[in-house]
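Peer 1: Could you put the whole structure together from the sequences, leaning on the hints where they help?
Chains as they are written, first to last, in the numbering used here: chain Y, 1 to 282; chain R, 1 to 438.
Take every hint as true, because none was put in to throw you off.
Chain Y side only, calculated, beta carbon under 10 Å to chain R, not exhaustive:
| # | residue |
| --- | --- |
| 1 | Gly90 |
| 2 | Gln102 |
| 3 | Glu178 |
| 4 | Pro204 |
With a Cα cut of at most 27 Å, we get these calculated DSSO-like pairs of lysine-lysine:
| # | chain 1 | residue 1 | chain 2 | residue 2 |
| --- | --- | --- | --- | --- |
| 5 | R | Lys380 | Y | Lys114 |
| 6 | Y | Lys225 | Y | Lys152 |
| 7 | Y | Lys2 | Y | Lys280 |
| 8 | Y | Lys149 | Y | Lys280 |
| 9 | Y | Lys114 | Y | Lys69 |
| 10 | R | Lys380 | Y | Lys235 |
Simulated from the structure, these hints should not be mistaken for laboratory data. Think of the CB as a built atom: it goes at the ideal place given N, C-alpha and C, for glycine as much as any other residue.
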Amino acid sequence: MKRFAVLQLSGCAGCEVSLLNADAWVDRFDLVYMPLVASVHDVPEVDTLLISGGVRTDEDLYKLRRAVKRAAQVVAVGTCAISGGVANLGDRDDVRELFLTQAQRHHVPRLLPKTHPVDTYVDVDLYLPGCPPTPELFMAVLDEDADFKASKIVCQECGRKKLRDMRPSHLLGFQQGEVQPDICLVNQGYLCVGTSTRGGCRAPCPRAGHPCVGCRGPSDVFIEKQSGAWFTSIKRVFKGMTDIPEDEIDAALRSPQLALFLFQFSDYSGDDRAPRPKEKVL
Amino acid sequence: MATLTFPLSRIEGHAQVVIEVRGSEVLSAHFQATEFRGFEYLVRGGPAEQMPVIVPRICGVCSTAHHVASVKTLEDVFGVTPPPLAATIRELLLLGQLIQNQATSLFIFTMPDRLGVDSLFDLEDSDLTDLQQTAMTTRALQVRQAGTHLISLAGGQFIHPIKAVIGGVTSGITDEAAAEMREELTQVLPVATQLVDDYWAASLAMAERLGTWGDDQPACYIASVGAEKPNYYGDVLRVMGCGERGMCTIFPAREYAEYLEVEESDYSYAHQTSYRGNVMRANSLARVNLVQRLGTPKADAYLSHFHETFGMPAHAILLFDLARGIELVYALERSLEILGGPLDHEDTDVAYTPRDGEGYGLVEAPRGPLIHHYRVEDGKIAQAEFIIPTVHNLLAIERALRVAAERYVTPAGVNMELENAVGRVVRAFDPCIACATH
Chain Y
1 MKRFAVLQLS
11 GCAGCEVSLL
21 NADAWVDRFD
31 LVYMPLVASV
41 HDVPEVDTLL
51 ISGGVRTDED
61 LYKLRRAVKR
71 AAQVVAVGTC
81 AISGGVANLG
91 DRDDVRELFL
101 TQAQRHHVPR
111 LLPKTHPVDT
121 YVDVDLYLPG
131 CPPTPELFMA
141 VLDEDADFKA
151 SKIVCQECGR
161 KKLRDMRPSH
171 LLGFQQGEVQ
181 PDICLVNQGY
191 LCVGTSTRGG
201 CRAPCPRAGH
211 PCVGCRGPSD
221 VFIEKQSGAW
231 FTSIKRVFKG
241 MTDIPEDEID
251 AALRSPQLAL
261 FLFQFSDYSG
271 DDRAPRPKEK
281 VL
Chain R
1 MATLTFPLSR
11 IEGHAQVVIE
21 VRGSEVLSAH
31 FQATEFRGFE
41 YLVRGGPAEQ
51 MPVIVPRICG
61 VCSTAHHVAS
71 VKTLEDVFGV
81 TPPPLAATIR
91 ELLLLGQLIQ
101 NQATSLFIFT
111 MPDRLGVDSL
121 FDLEDSDLTD
131 LQQTAMTTRA
141 LQVRQAGTHL
151 ISLAGGQFIH
161 PIKAVIGGVT
171 SGITDEAAAE
181 MREELTQVLP
191 VATQLVDDYW
201 AASLAMAERL
211 GTWGDDQPAC
221 YIASVGAEKP
231 NYYGDVLRVM
241 GCGERGMCTI
251 FPAREYAEYL
261 EVEESDYSYA
271 HQTSYRGNVM
281 RANSLARVNL
291 VQRLGTPKAD
301 AYLSHFHETF
311 GMPAHAILLF
321 DLARGIELVY
331 ALERSLEILG
341 GPLDHEDTDV
351 AYTPRDGEGY
361 GLVEAPRGPL
371 IHHYRVEDGK
381 IAQAEFIIPT
391 VHNLLAIERA
401 LRVAAERYVT
411 PAGVNMELEN
421 AVGRVVRAFD
431 PCIACATH
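Peer 2: Put into structure tokens, the structure is as follows:
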């Protein structure tokens, strides 16, 4: 029986909660380490190590380096482990200054100067992006299902209709206006980025009437390119489907807290790290 | 002097307990939250309207509570009142979270203590037969999932939901979807009551074996509940003074700082709060101490039995766990009630105009009253505060740890039962460290 472990670094435990909903593993795989649900305090030898959360403290780094030595396969799970996630917003210089002057404590793990994705420090065999990844995606990883094919983009899974004659002239705030059912959110003036976001989640957000915020990251077409290519594609979509001025879209896309940056901040914050190969991303 | 350090598991997040002893004297018992991400800092400067998407990421276990608290706060800032149907659907969201959370805490976090094992997913060392082992795990996950399905229905997705928006919710719930959910909950309710009965019996046996229900000194109790019944989507906090039943202080979220004293800690990334200097407790025991009844038949039967057996108010900490079981039954019954009514018959949101200002948002999360407080300038967050239920419990946790330490640190040495006791004490409060430090 395949043995697997779940190492949680600095994150929100959402990935773990999602894994708990994938109850198909319970009878088929042997969960040997996951402090959230089991009183085991060290990672034993395992076939697969799932790592969630970013590397925020010296303790995170220590646990990470110890754990990967005992794993045949290392999987970075969730946006924090892969791109830093929401917590990466703390890496803006002004915020970091607040951290260092106000947040540092004594007698507890020390905060590292920056938070980092897992692959800054260790080799990763497979990436499972999402905030969090759905239970179905977790099972695809554990099953090592070669036949599993995620949709290329969220748009393919959303089911809302794109209309030719519905062209908004301004962006709506994320929360404003009444969402019309069954019609594409871009047609309704929302900054939905499902057109270029990696599929596989089955589009719960746009289906429920909320714009896709891009938590699964760029689709295969853009994943190995610079962020500029991703942005250009989104702008092209809005140009084709709406009459919203390009500078309005541009400003919204580049706001530090907005969707793309929110989830992919560390990838596009100036580190000159090689892009992750798409073969390694589920 | 010796320092005993206990790593913690089967709680949300990273924390440890450090107890200092000299001979048989307990010098200190500290609860250390050892993680930190800094949400109060990192949301500054962000568009206020993005908060309902950003702040659920404080915690994947409690994301629903943060999501709803966030829209309530922004509605307070913008001066918007959502329509009644939106409030009802938000209540469903919070009930779904209560089902998920109480089932997780009861069966995944604390049941192993009662069975003498490390994990619900490894029951080989328990006294249960193979069949019982499988049934226990399967049933526990089935109940927990009913909660997550309810959150998905009302919130779009079960972790980091998105359907609550400023001014309401994005859509109602169709009759078909409500009927399907009712069917699932109807099937789960007897499974849940059976598990709660098993849990109750196992808890009695454990308390008998240990000879204690843990720290039973009086404390103040804080919760956001109605005058008689629970209200997870309410507007006021109630505090029952130490030992003074019936004497409640009532105040709205925006006045919290007049009643709650927040202090930084130099050995933990979490702050600690007191009620005007007194130890206070939030979470399930606070709620069952503060309400007269729950308002649903099965849950009220459990509650009467609880009050008759343990008194009112009840103080022993292991009773937090039993109270969670009562609330699990309540949340299932109450959700069935709501899903039986119309949920797709009128508008679910109202228009609003963003404006600058200050606002507060309150929900009763599974761990107690959660308050968000934002100041908005030029449409951006100028300041944000998250007043977290776990933080209200930290003084009470440390007091209970001290009681346990004094019991098991004796002139003959440290009784090895202390390690188990530390786990039981902490889990009774079901702390959430991701939230507490945020």
